[in-house]
Amino acid sequence: MADLPQSVLFCCDHNAVRSPMAEGMMKLFYGTACYVQSAGVKGEMEIDGFSVTVCRELGVELERHRVRSFDEMAQWGDDVSGFDLIVALSPASQRRVLELTRFYHLDVEYWPILDPTGLGQGREDKLRGYREARDQIKGRMLARFGPPTEDV
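Per this note's numbering, the very first residue in the sequence shown carries number -6; after that it's consecutive.
No lab work stands behind these hints: they were computed from the structure. Any given hint might turn out to be false.
Unchecked claim - No more than 25 Å apart at the CA atoms, straight line, and that leaves these computed lysine-lysine pairs for BS3-like: (1) K20 x K131; (2) K119 x K131; (3) K119 x K35; (4) K20 x K35; (5) K131 x K35.
Modelling step: build the complete structure from the supplied sequences, incorporating the hints.
Right under this line is the structure:
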């Protein structure tokens, strides 16, 4: 598992949909082999219920996820410079991360993941969109870091 960094920060717009999914799956797949956190450009929302539902299907628990922004991270003493890899899952988070890391030598990757929040009319349509986003993250994660090290 040479490609597995010691620490990863996943980020998106609100830390309520895509980045919590990525954080939860990373923890499930790779356990304690890597320190994982997530953040958003903004942090005024709560964890999205559809994200909770589709991640539960994989055995990922998100119910207790606390949404946080980059500004809250800084207030709590969590510095983005402390991560080996930052993965932006939205264009807005990529811009913010590049701004925050311009003076640091850090690996920053952009994974263009679908924003499912505005898709679908009924519950099943919405769940399809969230599953698609979840599966995009999972596919990118497995391609980048290899097969899970934990028994999932």
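Hint by hint, here is what the structure shows:
1. K20 x K131: Holds, at roughly 12 Å.
2. K119 x K131: Given that 25 Å is the threshold and the Cα spacing comes to 18 Å, the pair holds.
3. K119 x K35: Holds, at about 23 Å.
4. K20 x K35: holds (23 Å)
5. K131 x K35: holds (24 Å)
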